[in-house]
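The residues making up each chain are set out below.
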Amino acid sequence: MYSILTCTIRSLYNFVSYIKKDCLGAIDGTHVRVRVRRSDAARFRGRKDWPTQNVFAACDFDMKFTYVLAGWEGTTSDSRILKDGLVRDDPLIIPEGSCVD
Amino acid sequence: MIRVGKYYLGDAGFMLKRAIMTPYRGVRYHLKEFTRRCPQNPRELFNHRHSSLRNVIERTFGVLKKRFPIFASGSEPHYVVDTMTDIVLACCILHNYLRGVDNDEALIDEVDRELMEDQMESNISQVREDDYRIGCNFRDDLVEKMWRDYENS
Chain A
1 MYSILTCTIR
11 SLYNFVSYIK
21 KDCLGAIDGT
31 HVRVRVRRSD
41 AARFRGRKDW
51 PTQNVFAACD
61 FDMKFTYVLA
71 GWEGTTSDSR
81 ILKDGLVRDD
91 PLIIPEGSCV
101 D
Chain B
1 MIRVGKYYLG
11 DAGFMLKRAI
21 MTPYRGVRYH
31 LKEFTRRCPQ
41 NPRELFNHRH
51 SSLRNVIERT
61 FGVLKKRFPI
71 FASGSEPHYV
81 VDTMTDIVLA
91 CCILHNYLRG
101 VDNDEALIDE
111 VDRELMEDQM
121 ESNISQVRED
131 DYRIGCNFRD
141 DLVEKMWRDY
151 ENS
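Quick note, the sequences are listed as chains A and B, same order.
Sequential numbering from 1 applies to the first sequence in this note's numbering.
Sequential numbering from 1 applies to the second sequence in this note's numbering.
Excised from the complex, chain A in its bound form (with noise of 0.2 angstroms):
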């Protein structure tokens, strides 16, 4: 036990030192019930048995939402919609570097 802990704690002490400069957070989906007309019902029924919607958000690593996208169909892939957060009018920003030596 003692050696995985210090394994982990060793480990996210250096990871966060590489990462703490660029790494802006994390992304991900997850899903929440709608209710919608039978007639859609298929659209929105994903991985559930229910119809839901997906929310697309982002955060950083104190745990505060950066971006937030909900809308979309449950049935909809996370890559699908964060495709369409990057170009939309009211975008997911991740600043682009400049190039170094």
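Calculated from the structure, these hints are not laboratory results.
As the structure is a prediction and not an experimental result, all values here were calculated from the model.
Some clues are possibly wrong.
[To be verified] Here are the simulated lysine-lysine pairs, DSS-like style, with alpha carbons at most 27 angstroms apart:
# : chain 1 : residue 1 : chain 2 : residue 2
1 : A       : Lys21     : B       : Lys66
2 : B       : Lys32     : B       : Lys65
3 : A       : Lys64     : B       : Lys66
4 : A       : Lys64     : B       : Lys6
5 : B       : Lys66     : A       : Lys48
6 : A       : Lys21     : B       : Lys17
7 : B       : Lys65     : A       : Lys64
[Claimed, not checked] Per label pair, the in silico range of CB-to-CB distance:
#  : chain 1 : residue 1 : chain 2 : residue 2 : range
8  : B       : Glu76     : A       : Asp89     : 49 to 59 angstroms
9  : B       : Phe138    : A       : Arg45     : 49 to 59 angstroms
10 : B       : Asp102    : A       : Arg43     : 13 to 23 angstroms
11 : A       : Asp62     : B       : Asp86     : 20 to 30 angstroms
12 : A       : Asp49     : B       : Met146    : 38 to 48 angstroms
13 : A       : Lys64     : B       : Ser73     : 22 to 32 angstroms
14 : B       : Glu114    : A       : Ser77     : 22 to 32 angstroms
15 : B       : Phe68     : A       : Thr75     : 19 to 29 angstroms
16 : B       : Tyr150    : A       : Arg43     : 47 to 57 angstroms
17 : B       : Asp131    : A       : Glu96     : 29 to 39 angstroms
18 : A       : Asp89     : B       : Asp102    : 32 to 42 angstroms
19 : B       : Leu115    : A       : Arg45     : 20 to 30 angstroms
[As the list claims (entries may be wrong)] Computed list of chain A residues with no C-beta within reach of chain B, every gap over 10 angstroms:
#  : residue
20 : Asp22
21 : His31
22 : Ala42
23 : Arg45
24 : Ser79
For every residue, glycine included, the Cβ atom is placed at its ideal position computed from N, Cα and C.
Model the placement of chain B on the given structure of chain A, informed by the hints.
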């Protein structure tokens, strides 16, 4: 010359790109998979660290859903998509505000416990991952043998 920039961590369901860092596929990933054996090679080490940090989004979703039971999957939905979208955004804004004024230790502990249990139950995807890994190794061996034979003929 290296092009540097900001990025987010995403799971293997996303495609690797400049701004989205994803884990290696076919390599141990979930923290639970490392409890018995520390990372054994560079890719496993990377995946382990990726996994440790990426779970911040799962914890955040977890806290949001705990704090606002309207999002719990057990509750019958009363609202249509557009209304629900507004409710989601409003609750996320409230969540951010509350993160600043209330450190929610108890809530986060509860979420962490549940995430741990979920991982225990995700044995099916575990089997699929193992299967993929075996497939990868088998293919790599075959490729190597094929190439050797081709070069020698």
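Hints and how they fare:
Only pairs whose Cα atoms come within 27 angstroms are accepted, and Lys21 (chain A) paired with Lys66 (chain B) is rejected, the gap being roughly 31 angstroms. This hinted pair checks out: Lys32 (chain B) and Lys65 (chain B) have alpha carbons roughly 23 angstroms apart, not beyond 27 angstroms. Straight-line distance between C-alpha atoms of Lys64 (chain A) and Lys66 (chain B) comes to about 15 angstroms, which keeps the hinted pair within the 27 angstroms bound. For the suggested pair Lys64 (chain A) and Lys6 (chain B), the alpha carbons sit about 17 angstroms apart, so the restraint of at most 27 angstroms is met.
Between the alpha carbons of Lys66 (chain B) and Lys48 (chain A) the distance comes to roughly 19 angstroms, so the proposed pair stays at or under 27 angstroms and holds. Restraint check for Lys21 (chain A) and Lys17 (chain B): the C-alpha separation of about 18 angstroms stays at or below 27 angstroms, so the hint holds. Between Lys65 (chain B) and Lys64 (chain A) the CA atoms are separated by roughly 14 angstroms; this keeps the pair inside 27 angstroms, and the hint holds. The given range of 49 to 59 angstroms is broken by Glu76 (chain B) and Asp89 (chain A), whose C-beta atoms sit roughly 34 angstroms from each other.
Between Phe138 (chain B) and Arg45 (chain A) the Cβ separation comes to about 36 angstroms, which falls outside the hinted range of 49 to 59 angstroms. Checked against the hint of 13 to 23 angstroms, the C-beta distance between Asp102 (chain B) and Arg43 (chain A) comes to roughly 38 angstroms, which is inconsistent with it. Between Asp62 (chain A) and Asp86 (chain B) the beta carbon distance is about 25 angstroms. The supplied range of 20 to 30 angstroms therefore holds. Remark: the range hint 38 to 48 angstroms for Asp49 (chain A) to Met146 (chain B) is upheld by a beta-carbon distance near 45 angstroms.
With their beta carbons about 24 angstroms apart, Lys64 (chain A) and Ser73 (chain B) fall inside the hinted range of 22 to 32 angstroms. With their beta carbons about 24 angstroms apart, Glu114 (chain B) and Ser77 (chain A) fall inside the hinted range of 22 to 32 angstroms. Our hint of 19 to 29 angstroms for Phe68 (chain B) and Thr75 (chain A) holds, since their Cβ atoms are close to 24 angstroms apart. Remark: the range hint 47 to 57 angstroms for Tyr150 (chain B) to Arg43 (chain A) is upheld by a beta-carbon distance near 49 angstroms.
Judged by the Cβ atoms, the range 29 to 39 angstroms given for Asp131 (chain B) and Glu96 (chain A) holds: they are separated by roughly 38 angstroms. Checked against the given bound of 32 to 42 angstroms, the beta carbons of Asp89 (chain A) and Asp102 (chain B), roughly 33 angstroms apart, stay inside it. About 25 angstroms separates the C-beta atoms of Leu115 (chain B) and Arg45 (chain A), a value consistent with the hinted range of 20 to 30 angstroms. For Asp22 (chain A), the condition that its CB be more than 10 angstroms from all CB atoms of chain B is violated, with the nearest at approximately 5 angstroms.
For His31 (chain A), the condition that its CB be more than 10 angstroms from all CB atoms of chain B is violated, with the nearest at approximately 7 angstroms. With a least beta-carbon separation of about 14 angstroms from chain B, Ala42 (chain A) lies farther than 10 angstroms from that chain, consistent with its non-interface assignment. No Cβ of chain B approaches the Cβ of Arg45 (chain A) within 10 angstroms, the least distance being about 12 angstroms, so the stated non-interface status holds. Under the 10 angstroms C-beta cut-off, the non-interface status given to Ser79 (chain A) relative to chain B is violated; the minimum distance is some 5 angstroms.
Violated hints, in rising order: 1, 8, 9, 10, 20, 21, 24; the structure is consistent with all others.
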